[in-house]
Each structure stands twice: as structure tokens, then as C-alpha cells.
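Engineer: Sequence:
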Amino acid sequence: MTEHDSAPIAGLDRGQGVALWRQIAGAIEQEIAQGLRVPGARLPTEAEFTARFGVNRHTVRRAMESLEGRGLIRIEQGRGSFVAEDVLDYPLGSRTRFSENIRRQNKEPQGRIIRILTIEAEGAVASALGVRRGRPVLRVDRLGMADSTPITIGSHHFPLPRFQAMPAMLAEQASISVALAACGVPDYRRRSTRITARMPTAEEAALLQQARIRPVIVSEALNCDPDGRPVDFTWARYASGRVQILVEGE
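So the sequence shown is residues 1 to 250, counted in the UniProt record's numbering.
One or more of the hints may lead you astray.
To be verified - SDA-like cross-link-like pairs, simulated, lysine to any residue; straight-line CA separation at most 20 Å:
#1 K107 / V243
#2 K107 / V87
#3 K107 / L143
#4 K107 / M145
#5 K107 / T149
Said to hold, decoys possible - The following label-pair restraints were derived from C-beta to C-beta distances:
#6 A19 / P186: 41 to 49 Å
#7 H58 / R189: 50 to 58 Å
#8 Q34 / I195: 15 to 23 Å
#9 V18 / P167: 22 to 30 Å
#10 I195 / R133: 43 to 51 Å
#11 A27 / G228: 21 to 29 Å
#12 Q164 / R103: 29 to 37 Å
Please keep in mind that the hints were generated in silico from the structure rather than gathered at the bench. C-beta: ideal position from N, C-alpha, C; glycine also.
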């Protein structure tokens, strides 16, 4: 059976002049609105939707892409499609802490260290931390999650040798704030933030479990200790379908 057959199947009306993919998208959207498919729930596969609606996979795929483009679902390569979760407000102020922000949303914060390495300071990193180009700095890449859902990837840069104990601290607990406190910086303030957006790399899309056609929000932030010395230059990428940045005043 093809899309052009005249008999309606599974609620589709081939005679009303509305594209079939739009009708399929509307049916799935209605199920989400009625609570039949809850946030985070896995959706049927393309093959299952094809059988349900009696159309070809191209039509189902177009409907799913439409829903994803509107932020109603998220498509994860190799994992399937899921109902989009509620968008989190993520405040950026002078004292931003990931765990505190996530708990404000009644969710449980989690973190996973992706990699730790020593790199040569270049460009924005050297300028922000106030070190000469080519000097070694510690880079920590960390995945931040809310209720096990990926929210942000943070690439943190710490001046050496001041924070040479950071890897050992993070091995005990994957919290940047806790590790900084263990290294003698119990409090720090954000001095500056720059926010942009771009398309994700393949690794970023995989870690954030989002499609590469959906942009990420990018922030560059410099954190300083109470004496004004730079302690952490962070380059963060946020899943734009799950986070909206809220810039707070003093």
C-alpha cells in the first residue's frame, strides 16, 4: 500500500489535502500533549510508525524531523527517538554552580570526567588565565547531567602548577567546585562570560545525545578567586533543546 491509496489508515485522511507527514506529526504531537507519551520516553521506531500509519519510511522520517525541529522530540543517532524533556533554566551569574542550578530545577546533578590532560596555553586560554603562550595548563573535560540526561560539556582550564593536584581530587569526586575547594579555592566568582551558538562536533553531539543538526549554546567564562587571580577558564557547550540560558544581574 502506498501514500496515494485513497483509504484512510490509522487515522490518516488522504483526501483532506494535508500532507501525510503533517498528519503523522500532528498525531504524535497530540499523544505527547495528552500525556500518552511522557518526557524522556522512547518513541516507536520508524518501522513501527510505518506499519501503524501505512506509509513509507521517508514520510515517517519527515514527520519526525519536523517534530525534532520544533523541539518536541529528540533523535539520538543509534539510540532512537525520545519525547523531549522540559527545558531547564540555567542561570549564569557571578557565582554559578552547576549542582546548585540543577537542584533548583528539582533534578539530581551528576558529572562524569571525559578526559584530563596537560596542554600548552594558546589564544583565549593563555589570555584569560594570564599566562604566556606555550605554558602548560591543565584541561579537564566534564559531562554534566541532570537526572542522567546530558546537559553540558565543560572544558575547564586551570593554571599550573597551582592546580596540579586537581586530577587526584577529581578521581575522588567529579565536581569542579569540590576539587577547587580541595586545592585551596573554596569560593570563586565569574568575572566575564561570552555566549554564542554553533553546530556541534560529532563528539559533542554524541555526548549530549542530540542530532548534529541542532545547535549547541557555547559560553566562555573566566572564574577568579577572592584575590582576583584567574583559577578556571571554562568553555561550555549546552544542549540547546534542553537548556535556556538565564543571565542574572548582581
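Engineer: State for each hint whether it applies.
Structural biologist: Checked hints:
The suggested pairing of K107 with V243 holds, with an alpha-carbon distance near 13 Å, which does not exceed 20 Å. Note on K107 and V87: the hinted pairing holds, with a Cα-Cα distance of about 12 Å set against a maximum of 20 Å. The straight-line distance between the Cα atoms of K107 and L143 is roughly 16 Å, inside the 20 Å bound, and the hint therefore holds. Taking the CA atoms of K107 and M145, the gap is near 9 Å; set against the 20 Å cutoff, the hint holds.
Pair hint K107 plus T149 holds up; C-alpha atoms about 10 Å apart against a cutoff of 20 Å. Between A19 and P186, the C-beta spacing of about 59 Å breaks the proposed range 41 to 49 Å. In this structure the hint that H58 and R189 lie 50 to 58 Å apart at CB holds, the actual value being about 53 Å. Checked against the given bound of 15 to 23 Å, the beta carbons of Q34 and I195, roughly 36 Å apart, lie outside it.
In this structure the hint that V18 and P167 lie 22 to 30 Å apart at CB is violated, the actual value being about 58 Å. At roughly 25 Å, the beta carbons of I195 and R133 sit outside the given window of 43 to 51 Å. The beta-carbon spacing between A27 and G228, approximately 58 Å, falls outside the hinted interval of 21 to 29 Å. As the Cβ distance of Q164 to R103 is approximately 31 Å, the hint placing it in 29 to 37 Å holds.
Going through the hint list in order, the structure does not satisfy hints 6, 8, 9, 10, 11.
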